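**Student:** Take the two lone chains, each set in its own frame, and fit them into one complex as the hints suggest.
Protein chains in written order, with my numbering: chain A, 1 to 333; chain B, 334 to 466.
Please note that a few of the clues may not be correct.
Partial pick of chain B residues on the chain A-facing surface, computed with a CB cut under 7 angstroms [what the hints assert, rightly or not]: (1) Arg338; (2) Met368; (3) Thr373; (4) Gly450; (5) Ala454; (6) Glu455.
Now the in silico label distances, taken between C-beta atoms and shown as ranges [said to hold, decoys possible]: (7) B:Lys439 <-> A:Glu292: 38 to 44 angstroms; (8) B:Arg466 <-> A:Arg285: 25 to 31 angstroms; (9) B:Lys458 <-> A:Arg310: 50 to 56 angstroms; (10) B:Arg338 <-> A:Lys323: 38 to 44 angstroms; (11) A:Glu34 <-> B:Ser400: 43 to 49 angstroms; (12) B:Arg417 <-> A:Ala308: 58 to 64 angstroms; (13) B:Lys439 <-> A:Pro294: 42 to 48 angstroms; (14) B:Arg466 <-> A:Ala255: 39 to 45 angstroms; (15) B:Arg466 <-> A:Gly44: 27 to 33 angstroms; (16) B:Gly404 <-> A:Ile286: 54 to 60 angstroms; (17) A:Gly74 <-> B:Arg417: 52 to 58 angstroms; (18) A:Ser86 <-> B:Arg417: 47 to 53 angstroms; (19) A:Arg233 <-> B:Ser400: 32 to 38 angstroms; (20) A:Leu290 <-> B:Ile429: 48 to 54 angstroms.
Simulated from the structure, these hints should not be mistaken for laboratory data.
All figures in this text were calculated on a predicted structure; none of them were measured in a lab.
Yeah, the Cβ is synthetic: ideal placement off N, Cα and C, and Gly gets one too.
Each chain, letter by letter, is given below.
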Amino acid sequence: MAVQELVSRALAHDVRAVSRLISIVEDRREGFEEVYASIYPHTGKAHVIGVTGPPGSGKSTFVDKMALEYRAAGRTVGVVAVDPTSPFSGGALLGDRLRMQRHALDEGVFIRSMGTRGRLGGLSTATSGAVDVLDAAGFDVVLIETVGVGQSEVEIASLADTVILIQVPGLGDDIQVIKAGIMEIGDVFVVNKKDRPGVERVVAEIKMALDLSAPGGHPEGGADRDADRRQWRPPILMTMAESGEGVAEVVEACAAHLEHLGGAGLMERRLRRARAETMEIVSQRIWRGLRERPDARQEAERLAAAIAERRIDPYSAAIDLYKLLISAESARG
Amino acid sequence: MDENRKIRVLVAKPGLDGHDRGAKVIARALRDAGMEVVYTGLRQTPEQIVAAAIQEDVDVVAMSILSGAHGHLFPRVTQLLKERGVDDVLVIGGGIIPDEDIPALKAAGVAEVFTPGTSTAETVKFIREHVKR
Ligand SMILES: Nc1nc2c(ncn2[C@@H]2O[C@H](COP(=O)(O)OP(=O)(O)O)[C@@H](O)[C@H]2O)c(=O)[nH]1
Ligand SMILES: [Mg+2]
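Bound conformation, chain B alone (with noise of 0.2 angstroms):
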């Protein structure tokens, strides 16, 4: 019965800046967009968020963060998420991120990110073609 099946995401906001108005805003619009979205809210270490998507069996993993410490915070949710043998979720960033970061942030396993320029409705899409299960 697997029309029974919605694609399920965790919001979090990462890091130690208070704000979490843009993580807000894409939880609605996945809302929207017909996804269950469990969020986590404010200053989430990766520890935290690598442990709420294993209990909440989460297809993607969405992270926000307006601080500037993506370089650091991004990677280690991938590798956590890599110890705990977990290779079917889907980790997408978003916030203040410098292009030339971003391919790092590729190669450490993050699939997309998203500046501040894209529509929510681009983020609904990239992530129904790119759930892994």
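Just chain A, same shape as in the assembly (with noise of 0.2 angstroms):
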């Protein structure tokens, strides 16, 4: 099917145009650019919500429960939900929806599961992808999961209004103890599994990194964070995902940083997205022009030649390959 009559299916909401829409843009098919292109100017509606923190703490049951909160206050909700690609084989068990089957008949909800791909610049562009296709679609809330082991929580935070940052008792300190730049996306903290032993102490360590790292603890440690950051004291909410308890509390609270926000704050994050992005759009065209294209290949094959025998510098010669890379993208068009 031609991609523009995918595209007009997709924005009346049909859920297999949605679907194959995703899927291009995740694979970067063969005219996902042109995808991208018209879908955007249907995007910025959704509000997009991060969900992340370890493996088993419940994301994925929470976040069923989340959407459930949703459709009974009558909005949509889109879900993109991320596993890791084994390194191994390149496969994955893609696990979350098992706990979101319930909504699979509500046309009201739309979830889609993506494994990690061990991607160029991760993560990022695949699922931001899949968001824009949700939110143009006319998803109300855009709910993505992330495994929380590192580097996928701070993408996943650029990508989003709010993030989200479960814990759970009983993973012992190193883990809980909040990695360094991990602390700092939360926007809202819950500590899931209230009903095993040690969720106070979970939620007395939380409150003591957010004490250290608030603004009033650190007069000037707030350069590198947010406006919005500067008033927003994240609320640490208890859960118990698995029978519902304390969800509504989390949405509320999701509703109020989405207001806290604003419109200026709201701005400023989509700023620092738009510019993550781009730079990473760009780096992936250069990396794919030395990958794909085999004048380039020559040359940088010339060119380390021409190295090695100390014929020219590798500044000058890195410069002159750039050059052949971006003429040819220009091209290209």
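**Tutor:** Laid out in structure tokens, this is it:
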């Protein structure tokens, strides 16, 4: 089917069209740039919420219950659930959906599972593509579930308007007390599995870490933080995702956060996303040119030999190669 | 950039029996063969399976069944796919299925039926050779 027809059907909320468009942008199939150009003007309306935390902390269970809350309030929900790709086989077992299948027959919920696929530039471009398709298709809220194991938290933070960081009791201090750089991205903290012992301690630890990084504690320390974080004190909420207890309060906190961001704060976040995304795309295109264009590879090889024989220095060589790449890019349009 | 493409498989367990060991074994084998496997778990209705297959845009729906209800459930899935206009998804089944039931399942659009003796390698090979896109 022609890309344009898929796009207009997806904008009219056609499930198969939405699904196929996500595949096109995820795989960067032929025509994905055209898809992007057509859907992008329709994006920016959804409240994009990232949910991250350690494996097994209950993210999928929690996302399932959040979707229930939003549906009860009459809002439609898109979910992008990301699980790690096996570095050995390149395959992935995508099990998040298992906890969300109750929504399968509800047209107001669209769930899409995704593997990390060890992508260049990580996860961000493929995930943001799926989020944009769901946003354009008119889903009111888009929830992104990612495994919090490091870099990916930071990447979804730049994608989401609101980031929920889930912690659980019983993982041991080192995992819990919360790696530098990750605390900063949480807008709402959730301590899940409140039926388990040790919840209060986790709450106290988060509170302490927040106090340390709060603007009050660190008069000068907010330089790398958004303006919005200077006033927003992230709430710490306890939940039992299994039963749904406490999830309504988290949904409320997300709404409060969005309201707090207001027009200007939201714009600041989206500007940050736009910057990161554009840089990422530019660098991917350069890499792709180096990989795929025979003339570029040949030239790279020739220059490498010239460098090794001291006929040219690496910096001049790099500039020559770069010029070749961008002239080839602009010739291709 | 179609080298980014992966074979995506929905592994589902329709019917009421409560065992998904077989489904999990095949899910892992397909993952180890480099495929992306969406696992939907136990007691899925044909309607749920088809809705998930569409949202996940999978190339293959692989169902495993032990309860003897295959004669009804498998054809229901292929029928629902057809009703939704989905004609590019490969449907395969596995489980304890008597040989004499297999021709009817194939006539209903199930591409292949793998009985307990089949190695997972054979299933992998079949999928690789028969995905429709
Ligand atoms: N005790 C308890 N278990 C929970 C709770 N929420 C989720 N779980 C369980 O934790 C396990 C992991 O849940 P899952 O949602 O898959 O976690 P994820 O890996 O973070 O997505 C499952 O067995 C859930 O049933 C909770 O509030 N309390
Ligand atoms: Mg999960």
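**Student:** Does each hint fit the structure? Answer for all of them.
**Tutor:** Quick rundown of the hints versus the structure:
1. Interface hint status for Arg338 (chain B): upheld, as the beta-carbon distance to the closest one in chain A is roughly 5 angstroms, under 7 angstroms.
2. With a cut of 7 angstroms, the hint placing Met368 (chain B) at the interface with chain A holds, because the nearest CB-to-CB distance is about 5 angstroms.
3. Restraint check, Thr373 (chain B) versus chain A: the minimum CB separation of about 5 angstroms is within 7 angstroms; hint holds.
4. With its C-beta approaching chain A no nearer than about 24 angstroms, Gly450 (chain B) sits outside the 7 angstroms limit, and its interface hint is violated.
5. The beta carbon of Ala454 (chain B) is not positioned within 7 angstroms of any beta carbon in chain A (closest approach about 14 angstroms), and the interface hint is therefore violated.
6. For the restraint placing Glu455 (chain B) at the interface with chain A, the shortest Cβ-Cβ distance is roughly 17 angstroms, beyond the 7 angstroms limit, so the hint is violated.
7. In this structure, Lys439 (chain B) and Glu292 (chain A) meet the distance hint of 38 to 44 angstroms, their C-beta atoms being roughly 42 angstroms apart.
8. Against the hinted window of 25 to 31 angstroms, the Cβ-Cβ separation of Arg466 (chain B) and Arg285 (chain A) comes to about 27 angstroms, which satisfies the hint.
9. In this structure the hint that Lys458 (chain B) and Arg310 (chain A) lie 50 to 56 angstroms apart at CB holds, the actual value being about 53 angstroms.
10. About 32 angstroms separates the C-beta atoms of Arg338 (chain B) and Lys323 (chain A), a value inconsistent with the hinted range of 38 to 44 angstroms.
11. Between Glu34 (chain A) and Ser400 (chain B), the C-beta spacing of about 47 angstroms keeps the proposed range 43 to 49 angstroms intact.
12. Distance hint check: the CB atoms of Arg417 (chain B) and Ala308 (chain A) are about 59 angstroms apart, consistent with the given range 58 to 64 angstroms.
13. Taken as a hint, the range 42 to 48 angstroms holds for the pair Lys439 (chain B) and Pro294 (chain A), whose Cβ atoms sit roughly 46 angstroms apart.
14. With their beta carbons about 41 angstroms apart, Arg466 (chain B) and Ala255 (chain A) fall inside the hinted range of 39 to 45 angstroms.
15. Between Arg466 (chain B) and Gly44 (chain A) the C-beta distance comes to about 32 angstroms, which sits within the given range of 27 to 33 angstroms.
16. At about 56 angstroms, the beta-carbon gap between Gly404 (chain B) and Ile286 (chain A) stays in the expected band of 54 to 60 angstroms.
17. Between Gly74 (chain A) and Arg417 (chain B) the C-beta distance comes to about 26 angstroms, which lies outside the given range of 52 to 58 angstroms.
18. A C-beta distance of roughly 31 angstroms is found between Ser86 (chain A) and Arg417 (chain B), which places it outside the suggested range of 47 to 53 angstroms.
19. Between Arg233 (chain A) and Ser400 (chain B) the C-beta distance comes to about 53 angstroms, which lies outside the given range of 32 to 38 angstroms.
20. The hinted window of 48 to 54 angstroms between Leu290 (chain A) and Ile429 (chain B) holds, with their beta carbons roughly 53 angstroms apart.
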